[in-house]
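Enquirer: So you can see what is in the structure, the chains are spelled out below.
There are 2 protein chains.
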Amino acid sequence: MRYVIIGGDAAGMSASSRLKRREPGAEVIVFEKTGDVSYSACGMPYNIADADKPIESLIVRSAEAFRNSQGIDLRTGHLVRKIDTEAHIVYGSVTSGEDFEAGYDRLLIATGASSILPDVAGTDLDGVFSLKTLEDSRKIKTSLEKNDVKTAVIIGMGYIALEMSEALSARGIEVTMIKKREQLLPWMLPELSDVVKNELIEKGVSLEPGLPLEGIEHSPNGLKVTAGGRAFEADLVLLAVGVKPESGLASDAGIELGASGAISIDRNMQTSAPDVFSAGDCADCLSVVSGKKIWLPLALTANRGGRLAADNMMGDRQSFNGIAGTAVFKVFDVEVAKTGLTLGEAAASGFEPVYKAVVAKSKAHLFEGAAPIHVSFIADRTSGRILGAQMVGKEGVARRINAAAVAIQARMTLSEFYECDLAYAPPFSPVWDPLLTAASLLLKKTDGKV
Amino acid sequence: MRYVIIGGDAAGMSASSRLKRREPGAEVIVFEKTGDVSYSACGMPYNIADADKPIESLIVRSAEAFRNSQGIDLRTGHLVRKIDTEAHIVYGSVTSGEDFEAGYDRLLIATGASSILPDVAGTDLDGVFSLKTLEDSRKIKTSLEKNDVKTAVIIGMGYIALEMSEALSARGIEVTMIKKREQLLPWMLPELSDVVKNELIEKGVSLEPGLPLEGIEHSPNGLKVTAGGRAFEADLVLLAVGVKPESGLASDAGIELGASGAISIDRNMQTSAPDVFSAGDCADCLSVVSGKKIWLPLALTANRGGRLAADNMMGDRQSFNGIAGTAVFKVFDVEVAKTGLTLGEAAASGFEPVYKAVVAKSKAHLFEGAAPIHVSFIADRTSGRILGAQMVGKEGVARRINAAAVAIQARMTLSEFYECDLAYAPPFSPVWDPLLTAASLLLKKTDGKV
Chain H
114 MRYVIIGGDA AGMSASSRLK RREPGAEVIV FEKTGDVSYS ACGMPYNIAD
164 ADKPIESLIV RSAEAFRNSQ GIDLRTGHLV RKIDTEAHIV YGSVTSGEDF
214 EAGYDRLLIA TGASSILPDV AGTDLDGVFS LKTLEDSRKI KTSLEKNDVK
264 TAVIIGMGYI ALEMSEALSA RGIEVTMIKK REQLLPWMLP ELSDVVKNEL
314 IEKGVSLEPG LPLEGIEHSP NGLKVTAGGR AFEADLVLLA VGVKPESGLA
364 SDAGIELGAS GAISIDRNMQ TSAPDVFSAG DCADCLSVVS GKKIWLPLAL
414 TANRGGRLAA DNMMGDRQSF NGIAGTAVFK VFDVEVAKTG LTLGEAAASG
464 FEPVYKAVVA KSKAHLFEGA APIHVSFIAD RTSGRILGAQ MVGKEGVARR
514 INAAAVAIQA RMTLSEFYEC DLAYAPPFSP VWDPLLTAAS LLLKKTDGKV
Chain P
114 MRYVIIGGDA AGMSASSRLK RREPGAEVIV FEKTGDVSYS ACGMPYNIAD
164 ADKPIESLIV RSAEAFRNSQ GIDLRTGHLV RKIDTEAHIV YGSVTSGEDF
214 EAGYDRLLIA TGASSILPDV AGTDLDGVFS LKTLEDSRKI KTSLEKNDVK
264 TAVIIGMGYI ALEMSEALSA RGIEVTMIKK REQLLPWMLP ELSDVVKNEL
314 IEKGVSLEPG LPLEGIEHSP NGLKVTAGGR AFEADLVLLA VGVKPESGLA
364 SDAGIELGAS GAISIDRNMQ TSAPDVFSAG DCADCLSVVS GKKIWLPLAL
414 TANRGGRLAA DNMMGDRQSF NGIAGTAVFK VFDVEVAKTG LTLGEAAASG
464 FEPVYKAVVA KSKAHLFEGA APIHVSFIAD RTSGRILGAQ MVGKEGVARR
514 INAAAVAIQA RMTLSEFYEC DLAYAPPFSP VWDPLLTAAS LLLKKTDGKV
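Protein chains in written order, with the numbering used here: chain H, 114 to 563; chain P, 114 to 563.
Since the hints were derived computationally from the structure, they do not count as laboratory data.
Yeah, the Cβ is synthetic: ideal placement off N, Cα and C, and Gly gets one too.
Careful, some of the hints might be misleading.
Unchecked claim - Ranges of calculated distance between the beta carbons of each label pair, as one might list FRET restraints:
{"hint": "1", "chain 1": "P", "residue 1": "Trp300", "chain 2": "H", "residue 2": "Ser373", "range": "47 to 55 Å"}
{"hint": "2", "chain 1": "P", "residue 1": "Pro303", "chain 2": "H", "residue 2": "Asp379", "range": "51 to 59 Å"}
{"hint": "3", "chain 1": "P", "residue 1": "Pro303", "chain 2": "H", "residue 2": "Glu258", "range": "49 to 57 Å"}
{"hint": "4", "chain 1": "P", "residue 1": "Lys316", "chain 2": "H", "residue 2": "Arg284", "range": "33 to 41 Å"}
{"hint": "5", "chain 1": "H", "residue 1": "Asn311", "chain 2": "P", "residue 2": "Gly317", "range": "38 to 46 Å"}
Work out the full structure: start from the sequences and follow the hints.
Expert: And the structure:
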C-alpha cells in the first residue's frame, strides 16, 4: 500500500507517523514544499521575543529523524501542483526545478493555511512580514538582528498580532496596532475584551482601530503605512490580518470545499474524492456545539485529525466527532481563553444566547497572588445548555477553561455544571471556583432554576 | 417560621445567609459553641506560616456583620447539648454557665468535624496541638511567638499534616513526620506519592513511617514523642491523624448515622428526624461515581450543602446529587490533586479499576517553566468509565484536575474524554494536554478502543 501525504506539518506528520507505526511495511511518502517539517508554529512569537534562542529550537523533530528512525519517505522542497483523483496521481516540482509525479493508493491533503495578504500596494517590500511558517520567523528574526528596529506597525488584532505585540515589545520595539474595524476583539464579550485592551495600553502598545490599510511604501526613515487616511512610520511592518485555508490544490482537482473555503471532509476525514482524505488547517470540521461545519485552524485539531485520517486511510472507521473550539493565548501578563461558540456564532446557529460576565478571584480571598478573573459562560436561554465560555485574567485562566470545554463536550446545561465538584484550596481557587460562580449567576438569566 | 442552626461555620452560615436572603421575615438563630464564625479553615496553615499575618485575616465575615447587616440571630459561645426531635426543642449551655433552650420549626445540624486524638498519654500536654479550629490556630501561632520552637514532630500524614510540614518549615522549624502505617500516602497511586515523598525529603522534612504513636511526655528539652519503640525530641507536637464527624449530638437524639459515622442525610439534606436537616462535615453525602454514601469533609461540599439545606428547609425540593470528591493541596513546591475514587475505593465499589501513570510536561516542550506532571486516570476496565484521576507536579496541576472532575460528573468514558478539545498554547500546555495523553494511554488497558 502506498500512502501519499501533501504537507509535512502537524496533520501530515501525525498521519505519516501513525501510518508507519501501525503499518511498518507500507510506503509513506510526504511531499513538503518548504524545507521545514514538524515545528511549533504556536511557539514562534515566543522564540522571536528571545534574541538568544535559536530558531531551530522550534523544530520538534527533524526531517532526518522522520526518515531514518521512522522510515517515512519525507521529501522536503517538493511542491505538489496538481492532483489527478481519477488516476490517483499527484504532480509537482522540486525547488531545484525538475518535475515529479507519484501515484497513490490513499492520499492525505494536509496543506494547512496561509496568511491573508491585504490587497494593497507595498506588502512585498523589504521590512514587511507576515508570520505563518518557520521561514517567516527566520526572516523576522534575521531582520531584527541585522537592522536597528525601533518601531513596528502590526496590521490586524487576532491572536498572532497580539502575541507579536508582546514579542516585539520584549525586543524593545515600540508597537502600534492598526486594524480595520472599530471593535478591538469582536469575538470577545465586551467586558472581557476591555481587559485585554487595557493591558495593551498599560504595556505601551498604541492601538489604532477603525483604520483600513491603504498601502505601505518606503519612506526616508524606513516604511510608511497609510491607513484610514493617516500615516504611520515604522522600521518593521507585520501583516497579521488572518489566515485562509490552503485549499486551492484540492479545489482545482474538483474536490468539494466546505466551511470558509476549507476542504470539506466527513467524520472519517474523507473528502468528496475517493481515497482522498484531508486534515489540519486546510480542512473544515464539525462544531460539537452547533453540529455544523466550521473552519477553525487549531493545533490540537490538526494533530488529532492527522492521526484519525491515518486510521481511516488504513481502513479503520474512526470518527472525528468535532471540536468545542478551545483556544488560549497570552497577551503580556493577561491570559485569554475561550471555548465553544462566541455570542455571534451562537445566535447565527439558531440559539438564543445569554451571558453574564462576572469578576472573581483566581485564588482564595487575600491569598498571595490572587488576581481578578473575568469569566462568562454563554448559554441558551431556554434550554440552559452551555454554548461557550470566555475568561480573561492575569492568573489561573488557561487551564481553568478546560473544565468548560469538557462541559461543552458533554452537552451540559448550566445547572448540571453548577453541580460539579471543582477543586478548592486557598492557593488555587476560592471555595466556589469562578466558573461555578459564573454558572450560578447566568442561571438567573435562563429559564432554568437558580 | 423559626429556623435553628447548630454550628456557625461553612455549612451553618451558608444556610443561615440564604434563609435570611430568601425569607427576610423568618427568625434565623445560629448557635455556635466557639467565638468564631465563618473563617477560612483551609487557609490556616498558610496563616501560621506567616508570622506577620494576623490570625484575624482568616475571618471571612465577622459575627457582627452577620447580626447587623443580615439580621441573623447569631449566638456565639452557645453549646447545644441535646435535641428533642419530638418536641422540636434544642437545649444547651452558654460559655458563662447558664442554660438555654430554643424551639424550632426546622433545624439544621452543622456541627462539622473534629480532630481525632490518638488514645495515648500526653496528648493534653503544653506544646501539643491539633489543628481544626481557628482557636487551634491561635494557640499554635501564640506558641510559635512566645517560645523558641526549633523542632516539631507531626503525627500523621494527611493533607493537614503535609500543609503544616510546609508551614512550620517556613518558620524555620525542623520537622519530623511520624505515621503509623508504612505507606506514606496510601490513597495515592504509588508513582505519584513518590513525587510527594521526594519533595518532602528534598525540603528537609524527616519522614518516619511505620511507627505507631505510643505516648508523649515532658523531657528536659521540651517534649519527647515515643513511637514504634523510638524516641523523638521536639519543642512542638502536632497531632494530625485525621478528623471525625461531630455526630454525637445527632446520634444521642436518635438520628440515624451513615457513612463513617456521619449523620445520614437524603438528597434533600434531611435526616431521619422530621424537620431536622444536616449539612457540612458532620453529614455524609453521595458519590457521583459509585452512587454510594461516603463521608468526605470538603469545604465546597459544606458550602453547597448549607445552601441546599436552606432551600429544602424553606420547602423547596432541591437535590444534592453527590460529589466527585475533588481535592487539591500544595506541599512545598508540589501541587497535588485528585478527583473521584481512589484505586482502593473503586475496587471496593465493585469496579475493576485500571490505571496508567504517565509523565507529561505542564507546558509546551522547552517552554520556560515547563515542569513534569505525573498524571493518571483510574477507569473501569470493561466499560472504560472514568472513576478517578490523580495528578502531581510543580506547576499546572491544581486547575487542570477540574477537567477530570467535570468528566466524572458527566459519567464520561476514557474514549469520550479523549475526544475533548482541551486548550493548547505553548505557555500553558503541550498540544496534547497531559490529561488527554493519560486518557489515551490508559485506553489501551481497557476493553475500549485505542
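Enquirer: In ascending order, which of the hints set out earlier in this document are inconsistent with the structure?
Expert: Those not satisfied come down to hint 2.
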